[in-house]
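A.B. asks: Below, each chain spelled out in residue letters.
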Amino acid sequence: MQIYVNIITLASLYCLICCGYVLIYRASRVLNLAHGEMMTIGGYFLFTVSIGIIADPIPSFLLSFLLSLLLGFVVYFFLMRFMTGESVFAAVLVTVALGILMRGLITLIWTSQLWHPLQHLDMENTSHQIAEGAVISTFGVVTILSTIVLYLGLFLCFKFTRWGLRMRAVGEKPLLAAQRGFGLHKFYALSWGIAVFSGGLAGMIQACDSGLDPSMFVIGLKAFPVVLVGGLDSLVGVIPGAFVVAAAEVLAINYISPQASEVAPFAVLLAMLLIRPWGLFGTKEELERV
Amino acid sequence: MAFASGYFKTSYAKDLSIVETRSRCTCLLLLILGLAVFPFFASPFFLDLATQVFLALIGAVALMLLTGYAGQISLGHAGLIAAGAFTTAILFKELKAPLFVTLPASGLVGGLLGIIFGLPSLRLKGLYLALSTLALHFIVVYLGAEYESTRGYATGVVIDPPSLGPLIIQDPRLWYFLLLIIDILVVIFAINLVRSRTGRAWMAIRDRDVAAEALGIKVSAYKLSAFVLSSVLTSIAGCLFAYFRGFVSVEAFSLLMTIEYIAMIIIGGLGSILGTVFGTIFVVLLPYIIDILVDALNVPARLTTYMFAKICQLRVGHDHFFGSGARRSCGHLAACQGLFYALAF
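Protein chains in written order, with the numbering used here: chain A, 1 to 290; chain B, 1 to 345.
Just so you know, the hints here were simulated from the structure itself, not pulled from any lab data.
Check each hint, because a few of them may be wrong.
[Unchecked claim] Ranges between beta-carbon positions, derived for each pair:
{"#": "1", "chain 1": "A", "residue 1": "L274", "chain 2": "B", "residue 2": "F40", "range": "49 to 59 Å"}
{"#": "2", "chain 1": "A", "residue 1": "E132", "chain 2": "B", "residue 2": "L143", "range": "35 to 45 Å"}
{"#": "3", "chain 1": "B", "residue 1": "E251", "chain 2": "A", "residue 2": "Y255", "range": "20 to 30 Å"}
{"#": "4", "chain 1": "B", "residue 1": "I289", "chain 2": "A", "residue 2": "F78", "range": "24 to 34 Å"}
{"#": "5", "chain 1": "A", "residue 1": "P258", "chain 2": "B", "residue 2": "E94", "range": "21 to 31 Å"}
{"#": "6", "chain 1": "A", "residue 1": "F78", "chain 2": "B", "residue 2": "L256", "range": "50 to 60 Å"}
{"#": "7", "chain 1": "B", "residue 1": "T150", "chain 2": "A", "residue 2": "A131", "range": "30 to 40 Å"}
{"#": "8", "chain 1": "A", "residue 1": "F82", "chain 2": "B", "residue 2": "E146", "range": "32 to 42 Å"}
{"#": "9", "chain 1": "A", "residue 1": "A55", "chain 2": "B", "residue 2": "E251", "range": "33 to 43 Å"}
{"#": "10", "chain 1": "A", "residue 1": "L175", "chain 2": "B", "residue 2": "L35", "range": "47 to 57 Å"}
{"#": "11", "chain 1": "A", "residue 1": "L274", "chain 2": "B", "residue 2": "L256", "range": "20 to 30 Å"}
[To be verified] Quick partial rundown of chain B residues pointing at chain A, CB under 7 Å, derived from the structure:
{"#": "12", "residue": "P120"}
{"#": "13", "residue": "R123"}
{"#": "14", "residue": "L127"}
{"#": "15", "residue": "Y128"}
{"#": "16", "residue": "S132"}
{"#": "17", "residue": "I139"}
{"#": "18", "residue": "E146"}
{"#": "19", "residue": "L180"}
{"#": "20", "residue": "A252"}
{"#": "21", "residue": "L256"}
As the structure is a computational prediction, the values presented were derived from the model and not from experiment.
Idealized CB from N, CA, C, for every residue including glycine.
Please put together the full structure from these sequences, using the hints given.
C.D. replies: Structural data, given as structure tokens:
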């Protein structure tokens, strides 16, 4: 029973992280390999806000959300904007480089010590007995709930609002969208903003759940197989992808060794690339586009 | 120096020759002479720099063959170097194997991994291929870490200097000459290989795979051969890396290493062996050059260092030294490489 709970919690964490990968990919065909670091920085934003500005949970979370969103805009306008129209591979390498730079900055600013933002927020992460032999932490529940809220929000936004429609259009055919008078940079920046926001949200929850140190970016790296399993250009695909990868990881911890769980997502990724490279829900044409 | 002007080749012997004019031949001989006497005049620091360049060049040529000629993108280069280094470390620790066992064994492991790395390339291109090699990088590094932790070498494996017969290679000059000879062999091999049937097939695949197939080139076989050959060379470089450093640990083989190698071949210009040499020299020496500049100008701040790196890279990257075709992206790639050096200090 505990295994199922673990899989669901981990899968929803992956869902939160991966929606950032998909949003950026759909908008600009770039796979952002610095997403793990952006998520970590989200956690550090919460920590800084909670010790430096407001110790009250809700405002400090809101302020950190805002900071994450801003980080996304800044990264887009000062770095990735120059990569539009360049080869995809070069853009991906730039994100790798950005990730390494951010990792260095994190250690430089916040040191590599383990921090617990929860202490400063006056909250506790208690465990709840939900069924026979299965426990879940408060922030595990928060992960699952925020995933549901975020995905519902994104779905409604893309389906029913004017901005959502435009974002879809820009992702689908940038040239036509530009000819209709949409400012492409505005929409790309918006995708980056939302992506970093959702990644940062995952980072904040993870930081509350199990503490904060620079090695947290590994979770982000382990999450990118999820998007490839689900299909790089499919937001819906993230959910089954997250379950497959989370299951592989949790089962590897249980039956092989904790260290094997570190590579289980990549093994799944390789298998998927060999069998069905465009992923469960991706479009096959996408393979030819890159 | 007289260059060959135009395409005036009147005999097959001339067509086959690597060095085209007499003055070029003289320059080449002078270069070799210079390299041969260099270690007797250079300070230990410069000797070490030269050896580092030689060591990196083997891996860079291997990556150039794969990416620059066969057109297959790989993000698993550090993983392959790790594979060679760990094969050496494991054989040395478990069996006390000497150099003439570990070197071929590393090559063999590299070749096997090359087939595995190459298999996805039969179905995938571009970004997807890069991601599959990235996944393999993590798996190889994981296996190395697993060995380290299960055998109790938590921080890394220490390796004794290798011996060739009665000769123990420990002296920096000996390393210099050994690597110099290996480098010359590798470069000659690469230059000849890309002029051969295999090399021409690779270039055809790089330029347009469908057209290559229509010309009767077995695309999958040649793609795999590119991966295998490049991986064998890379793993041998990994083996030498292990002996040269005397220490193998998974921390050394990060994605940063992969990016450095990619930067070497892109700054040099894809599709040029000579460019690889210059790219390697540039990338290996850049951190030291920046260091010297920072000392000379007395700017302590990290950010300034980073700006320097970025500007240097951008300027040089935009009109890259050698290579075919204008690839503007290389300027940006070089810029991203500049970002790394922010961390080197």
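A.B. asks: Now look at each hint and say whether the structure bears it out.
C.D. replies: Hint check results:
With their beta carbons about 54 Å apart, L274 of chain A and F40 of chain B fall inside the hinted range of 49 to 59 Å. As the Cβ distance of E132 of chain A to L143 of chain B is approximately 38 Å, the hint placing it in 35 to 45 Å holds. In this structure, E251 of chain B and Y255 of chain A meet the distance hint of 20 to 30 Å, their C-beta atoms being roughly 28 Å apart. With their beta carbons about 26 Å apart, I289 of chain B and F78 of chain A fall inside the hinted range of 24 to 34 Å.
For P258 of chain A paired with E94 of chain B, a C-beta distance near 25 Å keeps the hint of 21 to 31 Å intact. The beta-carbon spacing between F78 of chain A and L256 of chain B, approximately 22 Å, falls outside the hinted interval of 50 to 60 Å. A C-beta distance of roughly 36 Å is found between T150 of chain B and A131 of chain A, which places it inside the suggested range of 30 to 40 Å. Between F82 of chain A and E146 of chain B the CB atoms are about 41 Å apart, so this pair conforms to the stated range of 32 to 42 Å.
A beta carbon spacing of about 37 Å between A55 of chain A and E251 of chain B agrees with the range 33 to 43 Å that was offered as a hint. Look at L175 of chain A against L35 of chain B: about 53 Å separates their beta carbons, and that is inside 47 to 57 Å. Remark: the range hint 20 to 30 Å for L274 of chain A to L256 of chain B is upheld by a beta-carbon distance near 28 Å. Look at P120 of chain B: its Cβ gets to within about 6 Å of chain A, closer than 7 Å, so that hint holds up.
The restraint placing R123 of chain B at the interface with chain A holds, with a minimum CB-CB distance near 6 Å, inside the 7 Å limit. With a cut of 7 Å, the hint placing L127 of chain B at the interface with chain A holds, because the nearest CB-to-CB distance is about 4 Å. With 7 Å as the threshold, the beta carbon of Y128 of chain B comes within range of chain A, its nearest partner Cβ sitting at about 6 Å, so the hint holds. For S132 of chain B, the interface hint holds, the least distance from its beta-carbon to any beta-carbon of chain A being 5 Å, beneath 7 Å.
Interface hint status for I139 of chain B: upheld, as the beta-carbon distance to the closest one in chain A is roughly 5 Å, under 7 Å. With 7 Å as the threshold, the beta carbon of E146 of chain B comes within range of chain A, its nearest partner Cβ sitting at about 6 Å, so the hint holds. The criterion of a C-beta within 7 Å of any C-beta in chain A is not met by L180 of chain B, whose closest approach is roughly 31 Å, and the hint is violated. For A252 of chain B, the interface hint is violated, since its Cβ never comes within 7 Å of a Cβ in chain A; the closest pair sits about 15 Å apart.
Because the smallest distance between the Cβ of L256 of chain B and any Cβ of chain A comes to about 6 Å, under 7 Å, the interface hint for this residue holds.
Of the numbered hints given earlier, the model fails hints 6, 19 and 20; all others are met.
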